[in-house]
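S.K.: Given only the sequences and the hints, what does the whole structure look like? Please build it.
First to last, the sequence lines map onto chains L, P, V and W.
Residues 1 to 220 (the working numbering) make up the first sequence, in order.
Residues 1 to 220 (the working numbering) make up the second sequence, in order.
Residues 1 to 220 (the working numbering) make up the third sequence, in order.
Residues 1 to 220 (the working numbering) make up the fourth sequence, in order.
Hints may be right or wrong, so weigh each one.
Heads up, the list lumps identical chains together, so a pair's fine if it works in one copy or across two of them.
Unchecked claim - With a cut-off of at most 25 angstroms between alpha-carbon atoms, the simulated BS3-like pairs for lysine-lysine come out as follows:
hint: 1; residue 1: 134; residue 2: 85
hint: 2; residue 1: 121; residue 2: 213
hint: 3; residue 1: 121; residue 2: 98
Since the hints were derived computationally from the structure, they do not count as laboratory data.
Protein chains: 4
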Amino acid sequence: MSSESPAPPCTDPIDDQIRELIECGRDFHRRGWSLGTSSNYSVVIDPEPLTLLMTGSGFDKGRLQPDQFVIVNENAESLDEAFPKPSAEALLHTALAKHGAGAVLHTHSVAATVLSEHFLKDGALRIEGYEMLKGLSGITTHESEAVIAIYPNTQDIAALATVIESRLQNPASPLRHGFLMAGHGLYTWGDSIAAARRQIEVLEFLFEVVTQKRLLTGSF
Amino acid sequence: MSSESPAPPCTDPIDDQIRELIECGRDFHRRGWSLGTSSNYSVVIDPEPLTLLMTGSGFDKGRLQPDQFVIVNENAESLDEAFPKPSAEALLHTALAKHGAGAVLHTHSVAATVLSEHFLKDGALRIEGYEMLKGLSGITTHESEAVIAIYPNTQDIAALATVIESRLQNPASPLRHGFLMAGHGLYTWGDSIAAARRQIEVLEFLFEVVTQKRLLTGSF
Amino acid sequence: MSSESPAPPCTDPIDDQIRELIECGRDFHRRGWSLGTSSNYSVVIDPEPLTLLMTGSGFDKGRLQPDQFVIVNENAESLDEAFPKPSAEALLHTALAKHGAGAVLHTHSVAATVLSEHFLKDGALRIEGYEMLKGLSGITTHESEAVIAIYPNTQDIAALATVIESRLQNPASPLRHGFLMAGHGLYTWGDSIAAARRQIEVLEFLFEVVTQKRLLTGSF
Amino acid sequence: MSSESPAPPCTDPIDDQIRELIECGRDFHRRGWSLGTSSNYSVVIDPEPLTLLMTGSGFDKGRLQPDQFVIVNENAESLDEAFPKPSAEALLHTALAKHGAGAVLHTHSVAATVLSEHFLKDGALRIEGYEMLKGLSGITTHESEAVIAIYPNTQDIAALATVIESRLQNPASPLRHGFLMAGHGLYTWGDSIAAARRQIEVLEFLFEVVTQKRLLTGSF
Numbered sequence: 001m002s003s004e005s006p007a008p009p010c011t012d013p014i015d016d017q018i019r020e021l022i023e024c025g026r027d028f029h030r031r032g033w034s035l036g037t038s039s040n041y042s043v044v045i046d047p048e049p050l051t052l053l054m055t056g057s058g059f060d061k062g063r064l065q066p067d068q069f070v071i072v073n074e075n076a077e078s079l080d081e082a083f084p085k086p087s088a089e090a091l092l093h094t095a096l097a098k099h100g101a102g103a104v105l106h107t108h109s110v111a112a113t114v115l116s117e118h119f120l121k122d123g124a125l126r127i128e129g130y131e132m133l134k135g136l137s138g139i140t141t142h143e144s145e146a147v148i149a150i151y152p153n154t155q156d157i158a159a160l161a162t163v164i165e166s167r168l169q170n171p172a173s174p175l176r177h178g179f180l181m182a183g184h185g186l187y188t189w190g191d192s193i194a195a196a197r198r199q200i201e202v203l204e205f206l207f208e209v210v211t212q213k214r215l216l217t218g219s220f
Numbered sequence: 001m002s003s004e005s006p007a008p009p010c011t012d013p014i015d016d017q018i019r020e021l022i023e024c025g026r027d028f029h030r031r032g033w034s035l036g037t038s039s040n041y042s043v044v045i046d047p048e049p050l051t052l053l054m055t056g057s058g059f060d061k062g063r064l065q066p067d068q069f070v071i072v073n074e075n076a077e078s079l080d081e082a083f084p085k086p087s088a089e090a091l092l093h094t095a096l097a098k099h100g101a102g103a104v105l106h107t108h109s110v111a112a113t114v115l116s117e118h119f120l121k122d123g124a125l126r127i128e129g130y131e132m133l134k135g136l137s138g139i140t141t142h143e144s145e146a147v148i149a150i151y152p153n154t155q156d157i158a159a160l161a162t163v164i165e166s167r168l169q170n171p172a173s174p175l176r177h178g179f180l181m182a183g184h185g186l187y188t189w190g191d192s193i194a195a196a197r198r199q200i201e202v203l204e205f206l207f208e209v210v211t212q213k214r215l216l217t218g219s220f
Numbered sequence: 001m002s003s004e005s006p007a008p009p010c011t012d013p014i015d016d017q018i019r020e021l022i023e024c025g026r027d028f029h030r031r032g033w034s035l036g037t038s039s040n041y042s043v044v045i046d047p048e049p050l051t052l053l054m055t056g057s058g059f060d061k062g063r064l065q066p067d068q069f070v071i072v073n074e075n076a077e078s079l080d081e082a083f084p085k086p087s088a089e090a091l092l093h094t095a096l097a098k099h100g101a102g103a104v105l106h107t108h109s110v111a112a113t114v115l116s117e118h119f120l121k122d123g124a125l126r127i128e129g130y131e132m133l134k135g136l137s138g139i140t141t142h143e144s145e146a147v148i149a150i151y152p153n154t155q156d157i158a159a160l161a162t163v164i165e166s167r168l169q170n171p172a173s174p175l176r177h178g179f180l181m182a183g184h185g186l187y188t189w190g191d192s193i194a195a196a197r198r199q200i201e202v203l204e205f206l207f208e209v210v211t212q213k214r215l216l217t218g219s220f
Numbered sequence: 001m002s003s004e005s006p007a008p009p010c011t012d013p014i015d016d017q018i019r020e021l022i023e024c025g026r027d028f029h030r031r032g033w034s035l036g037t038s039s040n041y042s043v044v045i046d047p048e049p050l051t052l053l054m055t056g057s058g059f060d061k062g063r064l065q066p067d068q069f070v071i072v073n074e075n076a077e078s079l080d081e082a083f084p085k086p087s088a089e090a091l092l093h094t095a096l097a098k099h100g101a102g103a104v105l106h107t108h109s110v111a112a113t114v115l116s117e118h119f120l121k122d123g124a125l126r127i128e129g130y131e132m133l134k135g136l137s138g139i140t141t142h143e144s145e146a147v148i149a150i151y152p153n154t155q156d157i158a159a160l161a162t163v164i165e166s167r168l169q170n171p172a173s174p175l176r177h178g179f180l181m182a183g184h185g186l187y188t189w190g191d192s193i194a195a196a197r198r199q200i201e202v203l204e205f206l207f208e209v210v211t212q213k214r215l216l217t218g219s220f
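M.R.: Shown next, in the form of structure tokens:
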């Protein structure tokens, strides 16, 4: 954070988390998952009252600077007017954080964009039988199926956040691993930035596998 | 600029812009958008009289050096004979700068080459419905269509520059976001180098999406 | 290794090998062959009694740290409780090391995942006629065929290790170059880390060739 | 070169050329054009008597060291027994150097491997109409056709070198820009390492374009 920002509760861990999110941005940009000013990333810095550090709106993710982050409360409101504007999608981050996510990463890859558009009619992308599934939190065998929910893309983020929250609280139809917004990209989360980053890598890998299998064999 | 070059109006900002264009070249070369000596980049360093800093002709874009840039006037004429030769396409840069571009980036990607050849018959590549469209200047919802004009490739750059200028002045058929030269590549622009770079990244991403969608689903 | 670890027989060579495996992880992660916490790597540090240095379970391969390695005996048991847990697949590494491998590398690429699933019904992926085959240990002409065995993916690594060992001892049907686990990835090996790394690069290249040929020509 | 090597005519330029070839190897390895120990590179360090600096046989091109180069005469014989062994393909480098090449680069990309195998029956890969063709030495308009000869792959490099030499001397059917060995890779050359590197980048780009066009449109 810039020196003008209000002192956060404990400076050093936040600096570490800013560094880790900057490094995520650099790697995801290099891979083509966060081009332009797309994507946003966040991490919970205080669970009570819920406080998140997240990327501000409109910055290049490949070259994030410490003063391009903002600290928000559980309503995704900035804690200081000196901060940059939070992303329009900040409410999705706080919705996930309220239900246990320690860090949330949102990326825009080519594969996620195309697959989410194509499978929107089914409401989810289903992936099964691959070893890499074991990299997803809570999966311990490749004989599993990951069901990645797909929502229509929307400009009404508040409404989508409500849908996500109610789904997160529904034990009969839980939202696991991540979700896609059609023609838009992937949201995933974990206990920490490192855990969420692993989920991104695993899911993007699986999207590439689904794509490649279709190209080689003609079927999804 | 080399120490032998005539002193530019204010040295430090130009050094910064050279650094930023060198960094563009390094990244675009790494991504395969500026291989060989293809591509050229420019930035307006004085609006009145119009003066541009641009890459000289025939240099490797992945390893640009400060003395491989040239300063030109509104007619794309070099301001000093010690400068390297301007690119043959310099007139396209000045045409865009006369109509408000602060920086112009031209790249040659595989996807832009193939799509521009294929869609030349339609005069434009139309892309709609993707969230990434919001990364283009002036687009605020994914429920938009970007119309990227495609011109036949030509060796007569002066003639094409005239066409581009008249299109830029035509409110009924404005030229927005960028244009393609068939089998050649993409021109785009922005208020600053950073803004133009974002446009390149967004458009190249969308070209990949169009390509991948076609491969997966059989339709564009 | 961390300073708390038991002193290995001779420190410096192990430090070199840790550095080399860290560098493998960084490169394979960058290429997308070791995303998430997938993959594991090992090297023999003592042939008698057989002792291997290998990556611990669950670490990011793109950012391996010296204290994320473990030293195991021929039964894949950790030599010190201060070490991290060995990978579940450690028994495959020791099986290969017992039969002469000096280093074993296991990666998860998109191409290996998709091809191994597709060709599992044939029991092997057969590749012939390419110059790159000469990069495989023991092949001296492109007029050769590499037969890469494919096994069904399994959670019972001990059983698979037994199958691998019996195959390694069977002169009538030797296991050469590497093997695939369906929907999972590639195991290969060499006299040294550098030799095994070359095998990975050659085999992954050939998997890309097989994939691309199929896409271009419709046949494998 | 290692300090034990015989002093070359003038040390500093050779050091520069070693550095430049090491940098080529690093970039081509990163792009997947020189995986395993594939590829070899050379530069003329004396035209009279013809003397070339080239990569020794069997080294990783992504991590070349100064002592992995060899200096050879016009018969591709090493000038000092302390040098590593020249590549088996050294005679192709000297054949090209005898007819004017200042530097020769040979790479193994996936696209070159697959296209050269597919088009061997036609004896050449023909590419026309793309702006990038202007990056090839001697081409000044995109309304050109590059004819890249394809030879069957062979272990008899001496015989192929003779064919190449006679073709280089035949004004009725000159060998321009480069040639392919089927299922193997690309040879190209230029006045300098930088010029040959540009040719590699241009040709590899065009191979990607040909591949992508086929995938998108169904025709080459």
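S.K.: Hint by hint, say whether it matches the structure.
M.R.: Status of the hints after comparison with the structure:
Within a single copy, residue 134 and residue 85 get their C-alpha atoms only as close as 37 angstroms, which misses the 25 angstroms cut-off; across copies the closest is 17 angstroms, which meets it. Taking identical chains as interchangeable, the C-alpha atoms of residue 121 and residue 213 lie at most 25 angstroms apart whether they share a chain (20 angstroms) or sit on different chains (16 angstroms). Neither within a single protomer nor between protomers do residue 121 and residue 98 lie at most 25 angstroms apart by alpha-carbon distance, with minima of 29 angstroms and 47 angstroms respectively.
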